Structure formats: C-alpha cells, structure tokens
Amino acid sequence: EPEVTQTPSHQVTQMGQEVILRCVPISNHLYFYWYRQILGQKVEFLVSFYNNEISEKSEIFDDQFSVERPDGSNFTLKIRSTKLEDSAMYFCASRKAGTPYEQYFGPGTRLTVT
Amino acid sequence: DQQVKQNSPSLSVQEGRISILNCDYTNSMFDYFLWYKKYPAEGPTFLISISSIKDKNEDGRFTVFLNKSAKHLSLHIVPSQPGDSAVYFCAASASTNAGKSTFGDGTTLTVKP
Chain A
1 EPEVTQTPSH QVTQMGQEVI LRCVPISNHL YFYWYRQILG QKVEFLVSFY NNEISEKSEI
61 FDDQFSVERP DGSNFTLKIR STKLEDSAMY FCASRKAGTP YEQYFGPGTR LTVT
Chain B
1001 DQQVKQNSPS LSVQEGRISI LNCDYTNSMF DYFLWYKKYP AEGPTFLISI SSIKDKNEDG
1061 RFTVFLNKSA KHLSLHIVPS QPGDSAVYFC AASASTNAGK STFGDGTTLT VKP
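For the record, the sequence lines run as chains A and B. Under the working numbering, the first residue of the first sequence is numbered 1, with each subsequent residue one higher. Under the working numbering, the first residue of the second sequence is numbered 1001, with each subsequent residue one higher.
Some hints here could point you the wrong way.
As the list claims (entries may be wrong) - Distance condition first, Cα-Cα at most 25 Å in a straight line; then the derived SDA-like pairs of lysine to any residue:
1) B:Lys1054 to B:Glu1015
2) A:Lys42 to B:Thr1110
3) B:Lys1068 to A:Glu44
Said to hold, decoys possible - Covered by chain B, per the in silico footprint, the following chain A stretches (three or more residues, Cβ under 8 Å):
4) 59-70
5) 103-111
As the list claims (entries may be wrong) - One-sided and incomplete, this derived list gives chain B residues near chain A with beta-carbon spacing under 10 Å:
6) Gln1002
7) Val1004
8) Phe1062
9) Phe1065
10) Gly1083
11) Ser1101
12) Thr1102
13) Gly1106
Read the hints as simulated data drawn from the structure, not as lab findings. What you are looking at is a predicted structure, and each value in this text was computed from that prediction instead of being measured. Here a beta-carbon is modelled for each residue, glycine too, at the ideal position from N, C-alpha and C.
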C-alpha cells in the first residue's frame, strides 16, 4: 500500500541554523500539506501546496518558512533560521484530486532546536 | 479562536463497550468533517469522514454522527477493542480552502481489557 514517507525521522539543530525536512508524497496525489505538533499540543496546519504553488498558509508560516517541490516527487519544508519554539513534530500529508479531503500523513520528523 | 474543539482530553472505556468521542465546531463554512487516529510516534491515520449533507456515516465498528444545527459531531466505536487505544483527532475542512484541515486538540482513548 502506498504511503507518505518523511526524512529524517529526527533532526537536531542549533538555533539560527537552516533545516530542510523532506517528504515523498503518494505518487498520484496532487495536494500537499505540512502540519506541526508541538509536544502536548494539537496538530496545527502550516501550509497547503497545489499546482506548484502555495494555496493557503497559516500565520505560523512566516518568512522563515518555505516549501518546494523540486523534482516532482519530493516535497520539502525549509526553515531558514530555526528558533527554539520551532521544536515540534512536523507532518507531511497528501491527498489526491477529487478525494473529499482525506489526507494521508507521513510518520513525521521530530525537530529539536537547541 | 479555536474553531474545532474536543472538550474531553481523555476517555476510558471497558473492552466491548461503546466509546463516544465528541467534537464541536464554530465555523459555519466547514462542510466536511474527518476523524483521525494517532498512535505515539506515528502520523495521524484517516479513520472516517462525513459530508455536511449527511447526518450519519458508518464504517464497520465506527460511526460518525453530525448535528449541523448544534455544530456538533461524534464518533462512536462499537464494540471498543484494546487496539483502539490511541489519540483521536476531529478535523474540519471547508470546500473553499484547498482541503486544509483544522484539527481539534485530540482525545486520548484508553480501552481496558
């Protein structure tokens, strides 16, 4: 059964460093999302991406964040200058066109900013 | 402004009994509702959904009920099994927002053998 994959599973970085979180969505899916979950809190929407552009983003997704689909299979989230409060689980999700919003999530990347 | 609320952070039931998880929403634009299940160290897994044009959707042991006038939905699991123990997230989407889901805080369900 196809699944969303994410790498790395755990990333430790120092404050101020850039990180890139990688995701491979399910191959016939057209809509892509990033969410995050700070420890003990709820899952929060960051950004949605369709047709090679951002379709919606939350207030969390400020200028420090960017997304890219560089090669038709990978979907990346970049944080340019990490802050302590960026420490969280980051989940990638995807869905196919026409599916009524059922998203398939990856296992997540745990980002720890020290 | 929390648009999707799950007021019970935890629920404990006996194996074989019914589990009822509740969710309330405030945004009238939401027209699709989903339940996801999440185990520790894993991503959420889609469980069941319901469109706003329906008031009930059933899939095996799982049934979701929607009361639009009360802006309330619930997930019933019958019979509950120990393997159902997980965090359950209610999520809501609007047709106008590219399928972005707004999640509730989650309810931790524990099913005791």
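Here is what the structure says about each hint:
For the given pair, B:Lys1054 sits about 29 Å from B:Glu1015 by alpha-carbon distance, which is inconsistent with the 25 Å threshold. A threshold of 25 Å between alpha carbons decides the hint, and for A:Lys42 with B:Thr1110 the separation of about 18 Å falls inside it, so the pair holds. For the suggested pair B:Lys1068 and A:Glu44, the alpha carbons sit about 24 Å apart, so the restraint of at most 25 Å is met. Residues of the region 59-70 of chain A lying with their CB closer than 8 Å to a CB of chain B number 0, which falls below the three-residue condition for coverage.
A stretch counts as covered by a chain when three or more of its residues have a beta carbon under 8 Å from one of that chain; for the region 103-111 of chain A and chain B the count is 6, and the coverage holds. Taking 10 Å as the C-beta contact cut-off toward chain A, the hint placing B:Gln1002 at the interface holds, the least distance being around 9 Å. With a cut of 10 Å, the hint placing B:Val1004 at the interface with chain A holds, because the nearest CB-to-CB distance is about 9 Å. Because the closest C-beta pair between B:Phe1062 and chain A is about 14 Å apart, greater than 10 Å, the hint is violated.
The closest approach between the C-beta of B:Phe1065 and any C-beta of chain A is roughly 18 Å, which is over the 10 Å cut-off, so the hint fails. Given the 10 Å rule on beta carbons, the hint for B:Gly1083 is violated: about 19 Å separates it from the nearest Cβ of chain A. Given hint, B:Ser1101 at the interface with chain A, holds; its Cβ is 6 Å from that chain's nearest Cβ, closer than 10 Å. Of the supplied interface hints, the one on B:Thr1102 holds, with its beta-carbon coming within about 7 Å of a beta-carbon of chain A, less than 10 Å.
Proximity of B:Gly1106 to chain A holds as hinted, the smallest CB-CB distance being about 6 Å (cut-off 10 Å).
Hint check: violations occur at hints 1, 4, 8, 9 and 10; the rest are consistent with the structure.
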